[in-house]
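Assemble chain P onto chain C, guided by the hints.
Heads up: the sequence lines are chains C and P, in that order. Residue 7 in UniProt numbering is what sits at position 7 of the first sequence, and the numbering runs on without skipping anything. Residue 215 in UniProt numbering is what sits at position 215 of the second sequence, and the numbering runs on without skipping anything.
Errors might be hidden in some of the hints.
What the hints assert, rightly or not - Below 30 Å or equal to it, Euclidean Cα-Cα: the simulated DSBU-like pairs (lysine-lysine) are:
(1) Lys-305/C <-> Lys-103/C
(2) Lys-116/P <-> Lys-203/P
(3) Lys-159/C <-> Lys-204/P
(4) Lys-204/P <-> Lys-145/C
(5) Lys-204/P <-> Lys-305/C
Because the hints were derived from the structure by calculation, they are not lab data.
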Amino acid sequence: MNIKRRLLITAMALGVFGATTGFAASAATIAIITPSHDNPFFKAEADGAAAKAKELGYDTMVLVHDDDANKQSELFDTVIAAGVAAIILDNAGADASVAAVQKAKDAGIPSFLIDREITATGVAVSQIVSNNYQGAQLGAEEFVKLMGEAGEYAELVGKESDTNAGIRSQGYADVISQYPDLKSVARQTANWSQTEAFTVMESMLQANPGIKGVISGNDTMAMGAWAALEAAGRTDVIVVGFDGSNDVRDSIMAGGIKATVLQPAYQQAQLAVEQADKYIKTGSTGLDEKQLMDCVLINGDNAAKLETFALSE
Amino acid sequence: MISKTILPRGTILTLCAVAVFSLSGCKLVKNVPEDEKAVSAGASGDEVRTEQRIADTFETRLLPYVRDRALSYQAFRAALAQGLDEAGQSHGNRGSGQGAAWNFAITDSGRIVSAKLDTRARVAELDIDGDGSADVTVQLGPVIRGNALRDIAPFYNFDDFRDQIEFAKLGRALNDQVSAMVQLPEGDLVGRRMAFTGVTPLKKADEAVLVTPISVDVLP
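Extracted from the complex, chain C is given alone in its bound form (with noise of 0.2 Å):
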C-alpha cells in the first residue's frame, strides 16, 4: 500500500518534472501539499490554491500527505529538488512539520501554511490558520440556542492527534460550560469518521436514550451520528456539526443537521497563493506571518449560500 503510494507520488513528481522541464523558459511552479483530497474540505484547499495559482500564471505540483509526517518530508524533498517557487502547505502535525518548512527554508523556497499552525515561528513566511476556536464557539452558542440552553447532549470529538480537535472541543466547552442545565452524557472520539460516528451514536443513544442534542467536531462525524439517529427513528436530537460541508448543507436544507461552521478553505488558500505570489515578487508580504481568518455560522438562514466551502454574498 505504502509503496504502491509511494511510487504514484513519485510518478506524478517526475510527471510534474517532466512537465516543468519541458517548458524550461515557462512559468514557476508552486506546490500545494494537503491531506488526502478523499475529503472534499482538503479537495476544495488544493482546488483553491490551483485555481489561484494558474490565474497568476504559475504552474502547479499538487500533493496529498495522508497525515503522514514521513510522507511529508519525502515530499519536501521532492519539491526542493523541483526547485519550485513556494510552497502552499497544509500541515501533517504541528510539531512534526517544523523541520520539513525549515528544510525549505533553507533551500531558499519559502513556505505558506493553511488550515492548520505550527508549533514554530520565523520558519514559515505566513500561517493562514481558520479560526478554529472562534468557529466552535459560533457553533456551540447555535447548539445552545437550539437546545433551549437545558438538556441533555453528547459530544462527538475528531483525531486526537489533529491540534484542530481539541481546539474545537474547548472551544464548544468554553460556551456549553456557562449553561449549567446543559448536561453532557457523553463524550467520546469519532476519528473525523463517517462509519465510526454512525457506531459511537448508535452505542451512545442505547446508553442515553434521554439525549437531546449532539455536537460534533466536524461534517463527516455529524452525518454518521444524523444516520444512526435516523435509523433509531430519533430525528427529533439536534445536531450540530463543523466545516460547512455539501452534505451537510443538503442536510440541513432538508430539515435534518441543525447547523454547521464553515471554515473558508477555498478562500484561504486562494489568500495563501496571493501571498507567496506577492513575495515572490517583492520578497515580503506586508502582513504579520500568524492570520487567524474567522468561521462562518451556517443554519437555515444562509445554507443554500453555501458551495464547497465558500459562501456565495
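For chain P alone, coordinates are given in the frame of chain C:
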C-alpha cells in the same frame, strides 16, 4: 474543564527559559518563590498570563480606551454612512485576521423596547432615536458572546499570543470581567431608560448592532 498539557520537567524548564529570554518586556513573572519564578510558555501558563494581562490592562487601558473613543449612536450611524471600512479606519479597530469584524465603541441611552431575561445570555433592545423600534441590543450576561472587548483594543495582538486558544482565553476573561459588573434592578425593564457604554463588532454596515457593555445603568 480545560485540560492542561503536562510536560516533562526538562521541557518545562526549557520553555521557562525561552519565555524569560524571548518575552522580555512582558510582565509574565508573578511574585512566586524563586524556583518557580517563570511561567510555562505552554498551555499550563495561560491562566497566569491571562490574569496578568487583565490586571495590567483592563482597568488602566481598556476601559479608558473604550470610553475615550465612544461615539454617540447618531455619530456612529453618520460614520457608517461613509462606508464600513472608512468608519472603521477613523473610529474603530479590526480584529485579528481576514474576515474579522470592525469594532466600534458607542455610548448613549435609550428606551428599553424589549428585554429577554429568562436566559443565561440576557439582552435588552433599546430605541435610541425615538422612532419606537429597536436600534441596538445590549448584552447583559451572565453569558457574554463574542470578542468585541478584546478586538477593539489595538494593544491585544494575536502575534503576542502562543496560539488561538490563549488568545480566546483573554476574550473570555474580558467578558467575565464585564459580566460581573452588570447589575440589573428587579422586575420588568421594558419602558425604562438604559444608559450604556460598550463595543459592537460589525462585519457589514447594515448588520444588527450587538453591544458588549463596559457599563450599563437602568435609569430610575
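Comparing the hints with the structure gives:
no., hint, result
1, Lys-305/C <-> Lys-103/C, "41 Å, violated"
2, Lys-116/P <-> Lys-203/P, "24 Å, holds"
3, Lys-159/C <-> Lys-204/P, "35 Å, violated"
4, Lys-204/P <-> Lys-145/C, "23 Å, holds"
5, Lys-204/P <-> Lys-305/C, "17 Å, holds"
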